[in-house]
Amino acid sequence: DSGVTQTPKHLITATGQRVTLRCSPRSGDLSVYWYQQSLDQGLQFLIQYYNGEERAKGNILERFSAQQFPDLHSELNLSSLELGDSALYFCASSVAPAGGKGEQFFGPGTRLTVL
Amino acid sequence: GDSVTQMEGPVTLSEEAFLTINCTYTATGYPSLFWYVQYPGEGLQLLLKATKADDKGSNKGFEATYRKETTSFHLEKGSVQVSDSAVYFCALSSGGSTLGRLYFGRGTQLTVWP
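Order-wise, the sequence lines are chains G and U.
So the first sequence is numbered by the numbering used here: it starts at 659 and just counts up by one.
So the second sequence is numbered by the numbering used here: it starts at -6 and just counts up by one.
Next comes chain G alone, as it looks inside the complex:
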């Protein structure tokens, strides 16, 4: 158990809908990262938050957004969903400050299926 929790574990929805994925980092970790894992793109970095502030953006679509709350949990919002958004979404947290090179600890993931 990495100490990172994600809910829900599975999510099935229809095209055009909006969903919210939730992540709680390990106790004491200030950095939260979101990754998308798909068969064609592999593991892709989406976005990073550090202590409530957005710090880095990767291959994140404009239809996607995220935030980190004062209690450090984070939410990833996916809107106007398309079939191609079906993937595993992972949250990771790190004890290293933003800019560090330490390891990240991953949650179990949320499997999103868009029908």
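FYI, nobody ran anything at the bench for these hints, they're computed from the structure.
These numbers come from a predicted model, not from an experiment.
Virtual Cβ for every residue (Gly too), placed ideally from N, Cα, C.
Examples of chain U residues toward chain G, derived with CB under 8 Å:
#, residue
1, Glu35
2, Gly36
3, Leu39
4, Lys42
5, Leu95
6, Phe97
7, Gly100
Based on the hints, put chain U in the right spot on chain G.
The following block gives chain U in isolation, referenced to the frame of chain G:
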């Protein structure tokens, strides 16, 4: 930009065989290097890491040595078990301007038969 290339799978071995999964990287500066493992239906678990040149990371019989001269971080295990069947990901973190995000290889599926 930073990137990781690892050998294409799948890799199929008999129990007690020797395992090598090749990984090479491109990075600015001096990255940290990692191997993560993903068991079926689960998230990614850190297997081992190395933070500077010539460091050897090791865990559960797996080893990898950070080779700056060949920009490589190959994963090895002397005797694999059925329970090692999983997908293995090589990854790097450059820190600095990339703010510690991980760059992953495409993953290598390992299947070990009894």
